[in-house]
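Visitor: Just so you know, the protein sequences line up as chains A and L, in that order.
According to UniProt numbering, the stretch in the first sequence is residues 1 to 233, in order.
According to UniProt numbering, the stretch in the second sequence is residues 1 to 233, in order.
Hints were generated in silico from the structure; no laboratory data involved.
Any given hint could turn out to be false.
[What the hints assert, rightly or not] Below, computed lysine-lysine pairings styled on DSSO-like, alpha-carbon distance capped at 30 Å:
{"id": "1", "chain 1": "L", "residue 1": "LYS33", "chain 2": "A", "residue 2": "LYS33"}
{"id": "2", "chain 1": "A", "residue 1": "LYS61", "chain 2": "A", "residue 2": "LYS45"}
{"id": "3", "chain 1": "L", "residue 1": "LYS61", "chain 2": "L", "residue 2": "LYS45"}
{"id": "4", "chain 1": "A", "residue 1": "LYS61", "chain 2": "L", "residue 2": "LYS45"}
{"id": "5", "chain 1": "A", "residue 1": "LYS59", "chain 2": "A", "residue 2": "LYS45"}
{"id": "6", "chain 1": "A", "residue 1": "LYS33", "chain 2": "A", "residue 2": "LYS61"}
{"id": "7", "chain 1": "L", "residue 1": "LYS59", "chain 2": "L", "residue 2": "LYS45"}
{"id": "8", "chain 1": "A", "residue 1": "LYS33", "chain 2": "A", "residue 2": "LYS59"}
{"id": "9", "chain 1": "L", "residue 1": "LYS59", "chain 2": "A", "residue 2": "LYS45"}
{"id": "10", "chain 1": "L", "residue 1": "LYS33", "chain 2": "L", "residue 2": "LYS45"}
{"id": "11", "chain 1": "L", "residue 1": "LYS59", "chain 2": "A", "residue 2": "LYS59"}
{"id": "12", "chain 1": "A", "residue 1": "LYS45", "chain 2": "A", "residue 2": "LYS33"}
{"id": "13", "chain 1": "L", "residue 1": "LYS33", "chain 2": "L", "residue 2": "LYS61"}
{"id": "14", "chain 1": "A", "residue 1": "LYS61", "chain 2": "L", "residue 2": "LYS61"}
{"id": "15", "chain 1": "A", "residue 1": "LYS33", "chain 2": "L", "residue 2": "LYS59"}
{"id": "16", "chain 1": "L", "residue 1": "LYS33", "chain 2": "L", "residue 2": "LYS59"}
{"id": "17", "chain 1": "A", "residue 1": "LYS45", "chain 2": "L", "residue 2": "LYS45"}
Spelled out from the first residue to the last, the chains are:
2 protein chains.
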Amino acid sequence: MGQQSKPAAESGTRESERRRTILRAAIDVFARKGYHGCRIADVAKEAGVAYGLVYHYFKNKDELLETVFDTGWSGFVTRVRAVVEGEGPLAEKVRGIVEVAFEAYRVDPRAVKVLILEIARSPAGSRINRQTAFVDAIRLSSALFNAAQERGELRPGLDPHLASALLFGNIEMALTAFVVGLADARDPDALERAKSQIADSFLYGVLTGAQAAETSEWKPEKSATKSKAPKRS
Amino acid sequence: MGQQSKPAAESGTRESERRRTILRAAIDVFARKGYHGCRIADVAKEAGVAYGLVYHYFKNKDELLETVFDTGWSGFVTRVRAVVEGEGPLAEKVRGIVEVAFEAYRVDPRAVKVLILEIARSPAGSRINRQTAFVDAIRLSSALFNAAQERGELRPGLDPHLASALLFGNIEMALTAFVVGLADARDPDALERAKSQIADSFLYGVLTGAQAAETSEWKPEKSATKSKAPKRS
DNA sequence: CCGCTGGTTGACTGGCGAATCACCCGCCGG
DNA sequence: CCGGCGGGTGATTCGCCAGTCAACCAGCGG
């Protein structure tokens with residue numbers, strides 16, 4: 001997160017128009033052809049600027065991607081933080097997080113596409129895993145689950161960290177479905193339905209009320225294995 | 001999915017020792033440095049063979065990756081299919097699927113790493129999205145959820161396709177946590193715990209029994225939106 | 001003993017694309 | 001009017017790496 005190596009970066013909004021143009025172009029091109037599948041020339045052409053200018057604003061191709069990630073994620077993480085730190089029961093907050101993610105997708109599907117598809121695919125050696133950004137969000141909300149567990153809202157014995165990961169796993173996979181065209185993103189209802197279904201099934205499970213109640217004691221005896229330790233938390 | 005372009009391929013096991021050595025090496029190297037981050041020379045060195053030999057067995061780098069995917073996924077999909085087509089209640093099958101995924105990880109973490117991390121996106125234009133393989137598994141198990149819904153085991157109104165996607169989203173994210181070292185994979189208990197927690201929280205949700213029962217009627221009034229259409233199924 | 005066949009080798013090349021650099025141009029301050 | 005400065009240009013350079021190929025070396029059948 002955000003070591004601005006740019007010297008005269010200063011205030012956030014102060015960055016030149018051009019720089020932002022290039023950034024947008026980069027997002028578009030990455031979304032279309034993937035990071036490795038495009039050359040800087042493509043970005044430049046898309047932005048309508050000269051090849052060299054890209055290097056005026058960004059140290060190299062890598063930093064360009066880095067920046068795309070940082071800006072994209074920081075917005076997302078900020079919003080997630082707001083939800084997490086707000087008031088309300090766990091269920092409400094979970095819905096809030098899902099909402100944030102889907103809203104981001106509604107506003108700028110392409111950016112989300114890049115963020116999701118290009119995760120973890122950092123040019124091998126270079127920099128920290130972009131995964132980090134995602135991990136931030138997960139860690140953030142795992143605090144939420146931790147607190148909820150202490151308040152007794154979350155099933156005891158469930159690792160808050162894992163729960164958090166699962167939530168984002170749900171979100172990511174659902175968005176991926178839209179991103180790759182498995183689900184129809186032009187149907188606004190589909191988005192809405194997916195949203196509530198994600199939150200609901202995460203909170204209450206996928207089984208019918210009857211079935212779930214049956215085992216609701218949370219001791220699914222068939223559940224195998226040596227789960228005894230309550231886990232450090 | 002298996003168009004064997006190799007001419008004298010014949011029976012599956014009949015492939016030369018060397019070919020398999022190279023494949024294994026490729027998996028190792030891909031896992032370590034990623035597809036784009038490694039050169040063919042690395043694979044050859046890892047396999048202990050000459051550079052050129054790789055090209056004797058594989059048309060090009062792309063086909064190498066392709067093959068890694070196909071072999072990896074086909075095994076996985078086959079096992080998932082077995083579970084799906086077996087007998088038993090939904091809950092049992094879900095546990096079965098989770099089991100399959102984690103077993104694959106236990107047996108060969110590196111292969112799983114490649115399969116997960118390198119999903120989707122190889123040189124943009126080339127071939128069909130590897131996503132396909134994953135999608136296969138999802139589609140397969142969505143039949144399962146469909147049937148379950150008709151038997152009344154699955155919450156009505158939940159899109160079976162989405163449910164399936166969510167399950168794999170859970171699995172993938174959990175495995176990713178291990179793959180990237182977020183969770184400690186050397187602790188065998190951690191694997192076990194994660195396994196049962198995934199299945200359980202997917203089936204019964206994350207809320208405590210009390211809370212869940214409260215809303216168990218499956219009409220979370222706050223759940224917003226215009227969900228009326230039962231959806232085609 | 002010869003020559004053929006098919007797996008095996010690794011130096012070599014061709015192209016591609018990231019990054020550089022010499023140069024432009026409009027503006028401002030002196 | 002001059003000089004210098006910072007945004008802006010794009011042809012050129014340069015290293016890298018996928019993919020080729022000529023030569024090599026069993027083994028084997030004649």
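Visitor: Next pair to validate is LYS33/L with LYS59/L; report whether the Cα-Cα distance is within 30 Å.
Guide: holds (21 Å)
Visitor: Is it true that the CA of LYS33/L sits at most 30 Å from the CA of LYS61/L?
Guide: Roughly 14 Å between the alpha carbons, so the hint for LYS33/L and LYS61/L holds.
Visitor: Assess, step by step, whether the Cα of LYS61/A is no farther than 30 Å from the Cα of LYS61/L, and give holds or violated.
Guide: At roughly 23 Å apart (the allowed maximum being 30 Å), LYS61/L and LYS61/A satisfy the hint.
Visitor: Hey, LYS45/A versus LYS33/A, does the alpha-carbon distance stay inside 30 Å?
Guide: holds (14 Å)
Visitor: Hinted pair, alpha-carbon criterion (30 Å max): LYS45/A, LYS45/L. Please report holds or violated.
Guide: violated (39 Å)
Visitor: Are LYS33/L and LYS33/A close enough, with their CA atoms no more than 30 Å apart?
Guide: holds (21 Å)
Visitor: Hinted pair, alpha-carbon criterion (30 Å max): LYS33/A, LYS59/A. Please report holds or violated.
Guide: holds (21 Å)
Visitor: Has the given pair, LYS33/A with LYS59/L, been kept, meaning a C-alpha gap of at most 30 Å?
Guide: OK: LYS33/A and LYS59/L at ~23 Å, within 30 Å.
Visitor: If you draw a straight line from the CA of LYS61/L to the CA of LYS45/L, is it 30 Å or shorter?
Guide: holds (15 Å)
Visitor: Against the 30 Å threshold, does the CA-CA distance of LYS33/L and LYS45/L hold or violate the hint?
Guide: Holds - the C-alpha atoms of LYS45/L and LYS33/L are around 14 Å apart, at most 30 Å.
Visitor: For LYS59/L and LYS45/L, compute the direct alpha-carbon distance and say whether it is at most 30 Å.
Guide: holds (18 Å)
Visitor: Does the structure keep LYS33/A and LYS61/A at a Cα separation of 30 Å or less?
Guide: holds (15 Å)
Going down the numbered hints, you'll see the structure goes against 9, 11 and 17, while the others check out.
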